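Residue strings, one per chain:
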Amino acid sequence: MQTMNQKIKSSNSPFGGWGAFFMLCISMSGFAQNYPTGKTILDKVDNNMSAKTRVLTASMEVGTERTKRTMVSKTYGEGDHKGYTEYLAPAREKGTKMLKLENQLWIYSPATDRTIQISGHMLRQSVMGSDMSYEDMMNDKPLLQQYKAEVTGTETMDARKCWVVTLTAIIPDINYFSRKMWVDTERFVPLKEDMFAKSGKLLKRITFSNIQKVEGRWFPMAFLYKDMLKEGPGTKMTIQEIKLDTPIPASYFNLGNLK
Amino acid sequence: MIRFLFKGLMRDKTRSLLPIIVVALGVMMTVLLQSLLGGFLGESIESTANFTTGHVKVMTRAYSLNSSQIPNDLALIGVDTLKRSLQKQFPDMTWAERIQFGGLLDAPDSTGHTRSQGNVMGMGISLLKSDEEITRIDLAPRLVSGKFPTKHGEILLSDDLFHKMNLKLGDKVTLISSGMYGDMAMYNYIVSGTLHFGINVLDRGMMIADIDDVRAALNMENAAGEILGFFTGERYENKLAKETANSFNARFAANKDKFAPVMQPLANMNDMGFLVAYSESIQTFIIMIFIIAMAIVLWNAGLIGGLRRYGEFGLRLAIGESKREIYRTLIAESFLIGIVGSVIGVIIGLLLSWYFQVVGINFGDSMKGSTFLMPSVMRAHINFTTFYIGFVPGIFSTVIGSALAGIGIYKRQTANLFKELEG
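These protein sequence lines map, in sequence, to chains A and B. Just so we're aligned: the first sequence equals residues 504 to 762 in my numbering. Just so we're aligned: the second sequence equals residues 98 to 520 in my numbering.
Simulated from the structure, these hints should not be mistaken for lab results. Everything numeric in this text was worked out from a predicted model, so none of it was measured. Heads up, the beta-carbon is just placed ideally off N, CA and C, and yes, glycines get one too. Misleading hints may appear alongside valid ones.
Each computed DSSO-like pair below joins lysine-lysine, with the alpha-carbon atoms no more than 27 Å apart [claimed, not checked]:
#1 K600(A) x K555(A)
#2 K265(B) x K597(A)
#3 K353(B) x K762(A)
#4 K716(A) x K704(A)
#5 K248(B) x K571(A)
#6 K733(A) x K355(B)
#7 K244(B) x K269(B)
#8 K644(A) x K571(A)
#9 K733(A) x K248(B)
#10 K353(B) x K180(B)
#11 K248(B) x K261(B)
#12 K265(B) x K762(A)
#13 K571(A) x K355(B)
#14 K269(B) x K600(A)
So the derived label-pair ranges between C-beta atoms look like this [said to hold, decoys possible]:
#15 N263(B) x T749(A): 39 to 45 Å
#16 N263(B) x E734(A): 36 to 42 Å
#17 F484(B) x L626(A): 46 to 52 Å
#18 G598(A) x N263(B): 27 to 33 Å
#19 N760(A) x G175(B): 38 to 44 Å
#20 E318(B) x R627(A): 49 to 55 Å
#21 K597(A) x G175(B): 23 to 29 Å
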């Protein structure tokens with residue numbers, strides 16, 4: 504669940520210095536088409552969707568070659584760097600807990616009664632068999648710290664006019680070299696996001712749907728996360744309940760809470 | 098006539114000794130090389146078969162297409178029924194279920210949190226029901242410490258990983274991997290023993306567990322990634338493996354399901370085709386090399402002998418023997434030399450081959466960096482071909498050498514013979 508919020512986070516750093524110069528360049532390049540800057544769009548998305556804390560219950564439907572599995576989880580998130588998830592169903596996954604603090608991730612499995620830190624190549628593995636990897640889940644850096652954003656056009660999606668924002672990596676060793684986001688021009692909610700390798704190959708696609716107003720903010724209540732290199736229908740996330748800016752006890756983000 | 102020629106050869110050692118020594122040496126090397134290369138290549142193929150591919154392997158079609166990724170989500174299900182059907186269709190073969198998997202192994206500290214971790218490449222084999230797989234994979238000499246699992250939940254680890262993770266025998270470790278249905282799999286095991294393979298890729302992080310324990314961990318009840326088939330008591334035979342695979346696959350030809358089983362012969366897997374083809378053609382290659390090399394040597398020996406017997410040939414021509422007759426006796430002599438030299442060479446070659454078959458050559462130290470599955474002790478392999486292969490270059494090369502050297506006989510001018518003899 505964190506991933507969706509991470510995707511839409513942008514930098515809160517104020518304009519100034521090199522940033523101002525950078526923004527001026529972007530503004531001038533966009534002037535001819537009367538497009539806003541990429542940063543402007545991402546900041547508006549951030550303002551619309553970010554909250555100090557999030558508590559949400561969601562179902563995750565994972566389609567595999569042979570079967571379809573549905574998991575229900577409850578996630579507590581604080582800012583970009585703290586997240587705690589507990590799986591409520593099905594029986595095989597019930598009681599499994601995940602804790603993310605900064606760039607570290609631990610998983611507790613009741614079957615083994617072990618708390619294990621996920622690291623190394625395991626971070627590239629999928630989360631509970633979904634199309635999302637632990638790395639996808641862990642990447643919480645604001646997009647504008649990783650990418651140069653540029654509005655490259657407008658398109659209509661699901662009868663909604665969207666800004667097409669193209670993001671190109673400005674740092675090395677990044678999972679996705681470029682991204683393309685379709686952002687609703689009125690509600691400032693992303694409706695679709697494509698993630699590409701350096702070769703231009705499409706690696707992942709997220710399609711957001713069921714946009715609803717939650718506590719004064721527009722929020723996608725469902726999304727489909729698709730690993731484009733894998734067969735299958737993808738992973739469908741549906742938010743059943745969401746609370747924003749609600750107090751979360753600090754104990755939730757403690758390793759001791761996993762057992 | 099043969100007796101006459103033979104007596105001549107025996108009495109005139111200068112005519113027979115050097116060619117027989119050359120032929121015997123060449124034949125001995127042919128026999129030894131055939132048995133050594135046949136043994137080495139055969140052992141490499143057998144090692145790969147026993148560890149990874151079987152002589153044939155049954156997988157689902159979808160698994161077979163992506164087998165390098167070990168896609169256990171595409172594994173065979175209903176394995177007990179399938180195995181029974183394989184045993185019925187191919188009663189002379191033995192079948193072994195295997196599950197290969199990758200994952201992370203985690204060792205806890207006293208509080209249960211992660212103390213050390215290592216990536217593992219795992220294999221689930223039948224360890225508890227019988228020793229068949231332990232013998233097949235030749236695990237006993239690779240056991241460095243501890244013991245083989247005797248009860249469920251026990252595993253073997255590569256010795257390098259064991260030390261890298263600072264483990265002790267009897268320590269609890271947790272495997273984190275993906276289940277057959279994409280679910281996260283976490284399972285506790287006890288380390289009962291450690292193994293050393295002498296192959297980097299295996300020593301880095303091999304884990305071997307009983308297949309039922311792997312099934313429990315990866316949610317693979319009555320499922321297996323692969324079923325390996327072995328021809329009983331025989332080395333790999335490509336033709337037989339292909340026929341077996343074709344016969345099995347014909348049963349499922351009409352079934353378009355991607356989870357339908359498919360059988361592959363060893364030569365179609367793990368880039369083994371080249372090794373199999375090489376092992377099949379190596380005998381022809383060795384024979385050709387030795388025929389050419391020995392023919393050149395014997396041609397030269399024949400030329401030298403021809404010079405020495407210049408006077409004899411001149412006299413025989415002068416008293417009326419035809420050039421053709423002399424040439425024919427020369428070829429017949431060489432044929433006899435070829436047989437005698439070949440018999441000696443084959444006997445010495447077989448004795449040496451037998452020694453290397455029993456004792457073997459230990460390549461253990463030089464294969465530490467190997468990424469290819471090969472046995473540490475290479476042994477020669479004597480088969481039916483070893484007994485006759487030496488006669489081919491032994492006889493052909495002497496006959497060819499003499500035939501080339503003897504051409505000079507036709508260049509003698511009969512009119513000059515007496516002048517030559519007077520001189």
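Cross-check of the supplied hints:
Annotation: proposed proximity of K600(A) to K555(A) holds, straight-line Cα distance about 22 Å (limit 27 Å). A C-alpha spacing of about 32 Å is found between K265(B) and K597(A), which places the hinted pair above 27 Å, so the restraint is violated. For a cut-off of 27 Å, the pair hint linking K353(B) to K762(A) is broken: about 47 Å separates their Cα positions. Between the alpha carbons of K716(A) and K704(A) the distance comes to roughly 34 Å, so the proposed pair goes past 27 Å and is violated.
Restraint check for K248(B) and K571(A): not satisfied, since their Cα atoms lie roughly 34 Å apart, outside the 27 Å limit. Proposed proximity of K733(A) and K355(B) is supported: the alpha carbons are some 16 Å apart, at most 27 Å. Among the hinted pairs, K244(B) with K269(B) is consistent with the structure: their alpha-carbon atoms are about 15 Å apart, no more than 27 Å. A hinted pair counts as satisfied when its Cα atoms are at most 27 Å apart, and K644(A) with K571(A) does not qualify at roughly 32 Å.
With a CA separation close to 38 Å, the supplied pair K733(A) and K248(B) exceeds the 27 Å bound. A C-alpha spacing of about 21 Å is found between K353(B) and K180(B), which places the hinted pair at or below 27 Å, so the restraint holds. This hinted pair checks out: K248(B) and K261(B) have alpha carbons roughly 25 Å apart, not beyond 27 Å. Using a Cα cut-off of 27 Å, the hinted pair K265(B) and K762(A) holds, with the two alpha carbons roughly 26 Å apart.
Between K571(A) and K355(B) the alpha-carbon distance is near 17 Å, which keeps this suggested pair within the 27 Å criterion. Note on K269(B) and K600(A): the hinted pairing holds, with a Cα-Cα distance of about 21 Å set against a maximum of 27 Å. Restraint check, N263(B) to T749(A): a C-beta distance of roughly 44 Å satisfies the suggested window 39 to 45 Å. At roughly 41 Å, the beta carbons of N263(B) and E734(A) sit within the given window of 36 to 42 Å.
Checked against the hint of 46 to 52 Å, the pair F484(B) and L626(A) fails, with Cβ atoms roughly 60 Å apart. Separated by about 29 Å at the C-beta atoms, G598(A) and N263(B) satisfy the suggested range of 27 to 33 Å. In this structure the hint that N760(A) and G175(B) lie 38 to 44 Å apart at CB holds, the actual value being about 42 Å. Between E318(B) and R627(A), the C-beta spacing of about 28 Å breaks the proposed range 49 to 55 Å.
Roughly 28 Å separates the CB atoms of K597(A) and G175(B), a value that falls within the hinted 23 to 29 Å.
Consistency note: the structure conflicts with the earlier hints numbered 2, 3, 4, 5, 8, 9, 17, 20.
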